[in-house]
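Chemist: Residues per chain, in single letters:
Number of protein chains: 2
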Amino acid sequence: MPLGERAGDNTESRFCGVETGFSDDMPNMLNRHLVSGKFDFVVAPLMDPAYRPSLVQKDTFGSAVLPFAGSDLVLSPSQWSTHVVGKISLWIDLDSEDETLRMDSETTLRQEIAWASHLSLQACLLPAPKRASCANYARCVNQILQNLNHMQLFLRIPLVMSDDDSLGADSETLVDSWETWNSFRLLCEHHSQLSIALDIVSTLPSANSLGRWFGEPVRSAIISTDCFLTNARGYPCLSKRHQMLITHFLNHAIQIIISGKSVHPRAILDPDASHAVEERHPLRPYLDYIAYLYQRMDPIPEQERFELGYRDFLQAPLQPLMDNLEAQTYETFEKDTVKYSQYQRAVCKALLDRVPDEKASKITTILMVVGAGRGPLVRASLEAAEETGRRLKVYAVEKNPNAVVTLNSLIRLEGWEDTVTIVSSDMRHWNAPEKADILVSELLGSFGDNELSPECLDGAQRFLKQDGISIPSSYTSFLQPVTASKLYNDIKAHKDLAHSETAYVVKFHNVARLAPTQPVFTFTHPKPSDTESNNRHKKLQFVIPDDTGSAIVHGFAGYFDATLYKDVHLGIEPSTATPNMFSWFAIYFPLREPVCLDRGATLEAHFWRCCGSTKVWYEWCVTSPSQSPIHNSNGRSYWVGL
Amino acid sequence: MPLGERAGDNTESRFCGVETGFSDDMPNMLNRHLVSGKFDFVVAPLMDPAYRPSLVQKDTFGSAVLPFAGSDLVLSPSQWSTHVVGKISLWIDLDSEDETLRMDSETTLRQEIAWASHLSLQACLLPAPKRASCANYARCVNQILQNLNHMQLFLRIPLVMSDDDSLGADSETLVDSWETWNSFRLLCEHHSQLSIALDIVSTLPSANSLGRWFGEPVRSAIISTDCFLTNARGYPCLSKRHQMLITHFLNHAIQIIISGKSVHPRAILDPDASHAVEERHPLRPYLDYIAYLYQRMDPIPEQERFELGYRDFLQAPLQPLMDNLEAQTYETFEKDTVKYSQYQRAVCKALLDRVPDEKASKITTILMVVGAGRGPLVRASLEAAEETGRRLKVYAVEKNPNAVVTLNSLIRLEGWEDTVTIVSSDMRHWNAPEKADILVSELLGSFGDNELSPECLDGAQRFLKQDGISIPSSYTSFLQPVTASKLYNDIKAHKDLAHSETAYVVKFHNVARLAPTQPVFTFTHPKPSDTESNNRHKKLQFVIPDDTGSAIVHGFAGYFDATLYKDVHLGIEPSTATPNMFSWFAIYFPLREPVCLDRGATLEAHFWRCCGSTKVWYEWCVTSPSQSPIHNSNGRSYWVGL
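As given, the protein sequences belong to chains S and F, one line each in that order. Under the UniProt record's numbering, residue 642 is the last one in the first sequence; the count climbs by one each step, no gaps. Under the UniProt record's numbering, residue 642 is the last one in the second sequence; the count climbs by one each step, no gaps.
Hints are computed from structural coordinates only; laboratory data are not their basis. One thing to keep in mind: the hints can contain errors.
[Unchecked claim] No more than 25 Å apart at the CA atoms, straight line, and that leaves these computed lysine-lysine pairs for BS3-like:
id : chain 1 : residue 1 : chain 2 : residue 2
1  : S       : 495       : F       : 492
2  : F       : 38        : F       : 261
3  : F       : 495       : F       : 362
4  : F       : 492       : S       : 492
5  : F       : 130       : S       : 539
6  : F       : 393       : F       : 349
7  : F       : 538       : S       : 130
8  : F       : 566       : F       : 349
9  : F       : 130       : S       : 130
10 : F       : 335       : F       : 362
11 : F       : 465       : S       : 492
12 : S       : 465       : S       : 335
13 : F       : 359       : S       : 538
14 : F       : 359       : F       : 335
15 : S       : 349       : S       : 465
16 : F       : 495       : S       : 495
17 : S       : 492       : S       : 349
18 : F       : 335       : F       : 349
19 : F       : 538       : F       : 495
20 : S       : 527       : S       : 393
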């Protein structure tokens, strides 16, 4: 039974499982956990734990039947696949010094996975690596992954990280389980069917260290009953940090699995039950608590619900100069009221600065909207004029002839004919009849300059007065390194160079932000010097917080912040983002190969903005701690046309 | 004029160049250096060193002619391309803090390379990076490389490595110039047109550190006159270490370029010249000394001359079980007399051990040659019998019906009909009429077990007596990490996964061996236990000597050593290789991506030998200092058929 109904949530995290021991009576076992216990699925061993291939007598060869827990006649294939996650024998140890154990382990692992495939299970849970060096385990799992049907393999990983530097290094003690995962996953080349089941224990590592897991393919979190505290009524509950973590999991489509024995005997005696004779499932109070956490979560806001389908989905950025936007795209952008009210505030302030109150009725300010689209900035400017009582003459310059049709209708409809002149032209080539006091534009991409605002405004600057104002007056791009396994895998699936060095527009969700953002390129308008080039080069150094531990970087998340006028800004840089604005998702610059960072490392990267005669592009590379190739040389894979 | 004639050498290293200053009279300058100086080519600046794009007056724009040294009318294109290497302006500095200098540098670099392309020069010499951080220089060169014609770019790198650990790290002091090269080359993705001109200075770093360069694309070595000592007669000469280095360069197709001013004035006065008025080229004595070193080199031995064409050339290993060898291949292998005399020695010792002198005339030893081919091991065995005076009955088992034809002729020709029985069969399936005392085979590949000797001998063991002898009695494979830029590039050119995780047979020449070999897999015959599997797993740890400095690993060189019988061995492992044996080149296991090692690092790698029902294959990976994917999972790219 799902944990509850949460508006907008249709992810797997509504379903909760329970880890069980071996049973050769699967129907009864399922009945107990699913019907009496109300769990949605069980994580159950598939094979008698006493089985060892080397102990099977040679002479039974050919006639021996493997000691599996129930066949596909006992439960139907659909029951198996809906309700059972296969739990691979815990004793297997492919990196043991003991050769017999090693060989038994490999044989059993293969037999169990083959059996799980036969039953069409959706997933199997692989036992946690028993030692830091697990290359042979990884080799065997990797071989299995190459020929696997749709099944997922969840590698069980305890959520531990010691803060103590004195441990580790030489000792075999597991210091940071993320490193074990990382090593295993790199050996298996980020295989998309290899994911993680995190074992939650009572002591949680630092928040920065936990953060790493949200960029990883964590599919489930196994929470032991030992983690639960006891509330005043004798019922299980979780610490605040555990609650936050579980809520975070539920918000990231991670399923919860309850594990262990009941340690809250009082809670099993259901006080509400008049029929106390009926035996209650011992783990039911834990499930109830998780359901309580789930139901307590805020509903997903409407705007976010709309964006759910875009989460961690790679989109090619717009080519606004080469392509004309469609009506639907204009309509979507125009709904972003926050953005236009910021523009209106900026125009207000500019008008007030430009025209003192006493001259308000005498001076007519010339305002040009360059890239007017279907007119939202024209409207915002006119409303600013009205609000401030300033006289305005507006030129609405737009290169898309289709948008000009709509714009024309709007002006007639609103009766703006006397104030607004439509110019159907590319601002870079228009010969303006007079010069402007204020130039208003919205040509910004997710990375600020990536939709070629600098080049367009260079063209428009010709018809701005010497002391004229550009809104925006400047904009800066920002970057930060991220772990984003899903994006890496989605790009890798294309199997070509071009996709692996293209920037994408992305609504980040399953991502770990490894360091605060840093500013990259800034453009100021009007341009201080005519000869200043729009080429840029920036060396960035990101210090990964020490308590994060080691980490992997799949690429860089990019944002912008624009100063519209004086203190009026607009942007998506996380720490200063304009609230409730949805016109821009972030941008993602992938790395062709992920870069591993040791604890406390500094990541050094270079970004270039390069301008050619027909296009603008970015190149980027990592230079420390290791050296990547230079990405997108000459814009071979990704560029924006002029 | 070439340095001399060296039998067998037809490489570029016969030609010697001279570095010159800027001259606007190219014909005269060429005449002086090539005719009077006897050099083969000059390395000359293409552009007036005083030129700076930012100093060119704006108003000359459009009419300005770039100040190049002579045009293609002054010298013909063929003179340019044969005799001139273009020297890019020394002042350029693309990573300077000074923006004007940075922009001037980029403009000039592009203009000079474009000009050199226009003249069809074979190569340009790029100035050494002026600082350790040279990402922008690399970005610009990388852009140029993407669109370059056939021209090579030689990056000038001073041959220096400080042994002092206290330097470096934070300081901008260049500690290990190999790291600068490595960083530059990684940013440019091992581009095949980017190579090295090493600047030789008077102090040479350690031998291990020098060794690294022989795995790199070094095309020329620039030796300054300052490096030369003065001999008793006042002539220039080099220290022993410099001599060895230069000889090594000449042996690796690396061209020498003399640089600097004469510091041996006495040497210019040619004592033999009666016409002392004629002015001698001031650098001629240095050229003469290099020519002397060249002429002093040993001629290339005949066997090596035959192998020249195979140097650093990737060959697919044989599939001896699936394919039948051709007559020519048999003939080539049979010429390896060293190999067969080792076999004869082994059979002698085995016969003496098996049959005491007093029983020599009574006992007939049953010897089976499995994989008899055209008969060389049959001959070696019969000669051993004759040498020891033992009676022998030989079964010659061969699966290739074509080889059996030849074998049959041989036996008639030699009159061996009474002693030798031909069996046209696969040893794995033959039903022998009696059991053998001695089983002789030569089924070894470059990596020992890679031609499936273990599987074949498992099949043949059925007809070996309990106390019988197998020759070979055991064999072990060996591996060592190597730098091999050329092999990496050749593999990368295929642009597919399969080639990058296939083992190749290679005659290594331009390769840096980074650590001593280590044993990998051992097979013993007869097999101690019937049930022992032929699967293997080995974890290897290679410690890179501290004075090597940092290094890059492109893959592993593999070898074998076989114990034929007791102290008679046969092998290609470098430290114990059987002299003058040519049947086997080494094997090469590439890494899909090279692995960088810091100074003093330990490289940890895993190798597996995996057996399936129809094939045998290897998998491999690196686990430290970084984690590679597991190569060749399930033998998807490379396998040997059973």
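Chemist: Evaluate each hint against the coordinates.
Modeler: Do the hints match the structure? See the list:
For the hint linking residue 495/S to residue 492/F, the alpha-carbon distance of about 15 Å falls within 25 Å, and the restraint holds. Pair hint residue 38/F plus residue 261/F holds up; C-alpha atoms about 16 Å apart against a cutoff of 25 Å. About 65 Å separates the Cα atoms of residue 495/F and residue 362/F, which puts this hinted pair outside 25 Å; it is violated. Restraint check for residue 492/F and residue 492/S: the C-alpha separation of about 18 Å stays at or below 25 Å, so the hint holds.
Under the criterion of a C-alpha separation no larger than 25 Å, the hint pairing residue 130/F with residue 539/S is consistent with the structure, at around 17 Å. Among the hinted pairs, residue 393/F with residue 349/F is consistent with the structure: their alpha-carbon atoms are about 17 Å apart, no more than 25 Å. With a C-alpha separation of about 19 Å, the suggested pairing of residue 538/F with residue 130/S holds against the 25 Å cut-off. At most 25 Å may separate the alpha-carbon atoms for a hinted pair to count; residue 566/F and residue 349/F meet this at roughly 8 Å.
For the proposed pair residue 130/F and residue 130/S, the alpha carbon gap of about 49 Å is over 25 Å, so the pair is violated. Proximity of residue 335/F to residue 362/F is assessed by CA-CA distance (about 35 Å); at most 25 Å being required, the pair is judged violated. A threshold of 25 Å between alpha carbons decides the hint, and for residue 465/F with residue 492/S the separation of about 56 Å lies outside it, so the pair is violated. For the proposed pair residue 465/S and residue 335/S, the alpha carbon gap of about 32 Å is over 25 Å, so the pair is violated.
Pair hint residue 359/F plus residue 538/S does not hold up; C-alpha atoms about 88 Å apart against a cutoff of 25 Å. Between residue 359/F and residue 335/F the alpha-carbon distance is near 35 Å, which puts this suggested pair outside the 25 Å criterion. For the proposed pair residue 349/S and residue 465/S, the alpha carbon gap of about 18 Å is at most 25 Å, so the pair holds. Using a Cα cut-off of 25 Å, the hinted pair residue 495/F and residue 495/S holds, with the two alpha carbons roughly 11 Å apart.
Between residue 492/S and residue 349/S the alpha-carbon distance is near 48 Å, which puts this suggested pair outside the 25 Å criterion. Of the supplied pair hints, the one linking residue 335/F and residue 349/F holds, its CA atoms being roughly 23 Å apart against a limit of 25 Å. The straight-line distance between the Cα atoms of residue 538/F and residue 495/F is roughly 29 Å, outside the 25 Å bound, and the hint therefore fails. Restraint check: the Cα-Cα separation between residue 527/S and residue 393/S comes to about 24 Å, which is no more than 25 Å; the hinted pair holds.
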